[in-house]
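Both chains come to you apart, so use the hints to assemble them.
One line per chain: the protein sequences are F and Z, in this order. With the first sequence counted from 1, adding 343 to any position gets you our numbering. With the second sequence counted from 1, adding 2 to any position gets you our numbering.
Honestly, the hints are just simulated from the structure, not real lab data. These figures come from a predicted structure and were not determined experimentally. Positions of the beta carbon are idealized from the N, C-alpha and C atoms, including for glycine. There may be inaccurate statements among the hints.
[Claimed, not checked] Covered stretches of chain F (in silico footprint by chain Z; criterion: 3 or more residues with CB under 8 Å from a CB of chain Z, positions within the stretch not fixed):
id	stretch
1	346–352
2	409–415
3	467–481
4	521–532
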Amino acid sequence: MNDITGLWSYLSQEPLLWLTATILAYLAGDAAFRAAGRRPLVNPVLVAVVILALLLWISRTPYQTYFKGAQFVHFMLGPATVALAVPLWTNAARVRRTLLPIAAALVAGSLTAILSALGVAAALGVRGEALLSLAPKSATAPVALGISEQIGGSPTLTAVLVILTGITGAIVVTPLMDALRVRDWRARGFAVGVASHGIGTARAFQVNETAGAFAGIGMGLNALLTAILVPLIAGWL
Amino acid sequence: MVAGLAILLSFQLAGEIASRALGLPVPGPVLGLGLLLAALALLPDLAERVAPTARVLLANLSLLFVPAGVGVVGHLDRLGEDGVAIFAAILVSTVLALLVAVGTFLAVRRLVGAEDGESQ
Chain F
344 MNDITGLWSY
354 LSQEPLLWLT
364 ATILAYLAGD
374 AAFRAAGRRP
384 LVNPVLVAVV
394 ILALLLWISR
404 TPYQTYFKGA
414 QFVHFMLGPA
424 TVALAVPLWT
434 NAARVRRTLL
444 PIAAALVAGS
454 LTAILSALGV
464 AAALGVRGEA
474 LLSLAPKSAT
484 APVALGISEQ
494 IGGSPTLTAV
504 LVILTGITGA
514 IVVTPLMDAL
524 RVRDWRARGF
534 AVGVASHGIG
544 TARAFQVNET
554 AGAFAGIGMG
564 LNALLTAILV
574 PLIAGWL
Chain Z
3 MVAGLAILLS
13 FQLAGEIASR
23 ALGLPVPGPV
33 LGLGLLLAAL
43 ALLPDLAERV
53 APTARVLLAN
63 LSLLFVPAGV
73 GVVGHLDRLG
83 EDGVAIFAAI
93 LVSTVLALLV
103 AVGTFLAVRR
113 LVGAEDGESQ
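Next up, chain Z with everything else stripped away, as it sits in the complex (with noise of 0.2 Å):
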């Protein structure tokens, strides 16, 4: 469990410095991301180390958005009087992404042939 959090930091960290030395536009643990993902391709080994770790953080990712989502609600005022309509933005949005997302894997999966009988 240390072990793990201990390369899941380092790996953030690396990312950190690598996105701000670079002066890239993505955040530093979207590229520690990569980074881990990259190193795990040359250590499978390391998959070992990190997934208990790893499991743990992501079958509790929700908890993990608590803070923000409470930093969201003194600050529901300021949509104003353009409320209403954002909030109809934003669910139909969210609605159609998710249609047009999963219509088209699923298309293209058709034209490719890439069936996957472990989740059918």
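So here's chain F without its partners, still in its complex pose (with noise of 0.2 Å):
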């Protein structure tokens, strides 16, 4: 029984426990999303997120804990952002071809995603911060959080936000654009992209490789354009 003990109090604090328990939580996710025929609904990331947290409470692990091993993982996301650079070079002459309906689809999806989230949370009876830190939700998370800081929000209620848009947007985008049978790869990514930043390009990598790259434009253009949007909406509120 102490060996358990002492074996378990050294698992615990060491980072290879949950290090090893996130890419396995990801690949039963992928392994799920598979078995599920594909079906959106079984995100990959949902499903890991889920398995996790079940785990960490099952355990009593505390999320910085958890993160001393995961944030190895997280690390990753960095040089990810700028690996995005490669599809971007390699479909280069397609993005210029189509600079017009990027911009206009830019500037089209940013002001929806801000101001219909506003418009139905404030219609619903959410005021102050949480409505303020919902406004920046489609922007990529560091960029968001800054936002939200910025304009009084809560940089931390964001962050749930920001992820919950993720998600959302990563299982409906397949689905809807199916049904509406748009099969041009450039617009379906680049809706992804300003709609649900890195969650939804990182869907739109493992459908197709154009969607990924024009979604990778899709989030990088729409940072930029939250941080201008946000401030001077929020003054308004």
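Encoded structure:
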């Protein structure tokens, strides 16, 4: 019994356990996604998050302990963001041909994301800090957190809303676009990048590389535009 | 693979330094993306070096969001009594943003005739 307690106190303090658990949970999520016939609701990120949250809850592990291991995975978001330059470069000629559709879809999509979220939430009685925290939710996390702080929202709450927006977009995009018979991968990818940032972009890369490249553009441009629009719109609230 | 990772990390580092030194509102990795794009335009051979690493990272991009997603679970109670309203706002606004963005993209594409044989 003592040995097991000793083993657990070793494992629970070292990064190895939760790093391994993170990767295994994701593989389980991916396997579940494939086993479910690639049904969008069985989103690999969502499944992995649920598994890990349950494990943390059962083992009474604080998030800080979990993150000591998971930070190695989290850290790779930085180089992965830089890596988006590669598909962008490969698709440069196609991007140049679609500058006008990109610009128009960016402005329309970004405004819709901000105003419709504020409109629905306000109509349902959300006020104050929670409403402000919602405004930048379609921008990529580091940018959204900065905006939230600037306009008097709560960065922690914004982080939650950003992730929820990403998962929502990743789940609805494929059935929605298929139902509308949109076959242009550039348009599909760009829209999901604008509406649901990196998690939407990750989903796009799973479906089609062109969609992924255009999602990356949508995510990057919307981060910039949201940083400009949200402080202006928040001024009217 | 290692060379590719070294290139990506170097550009992230350069982006991080530029973002902080100039006090820009853009995060370091996003600036690094821009810098790498500029470097690829100047040195197209660089693409061969980074492409394999970039492909592996981007194909598994979903995995990288799992730790942040787990962090969110502990804060779900922060939504408090506004939870349902906020969930509704996120769902409606994400679907609307997708519809408006894709509709605008396709309408303007038709207007300027930017058809794309490869993706039809």
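Hint check results:
Counting residues of the stretch 346–352 of chain F whose CB lies closer than 8 Å to any CB of chain Z gives 0, so the stated coverage by that chain is violated, three being the minimum. Counting residues of the stretch 409–415 of chain F whose beta-carbon sits less than 8 Å from any beta-carbon of chain Z gives 4, enough to reach three: the coverage restraint holds. Evaluation of the coverage hint for the stretch 467–481 of chain F: fulfilled, as 7 residues show C-beta separations to chain Z shorter than 8 Å, against a requirement of three. Note: the stretch 521–532 of chain F has 8 residues with beta-carbon separation from chain Z under 8 Å; the three-residue rule is met and the coverage holds.
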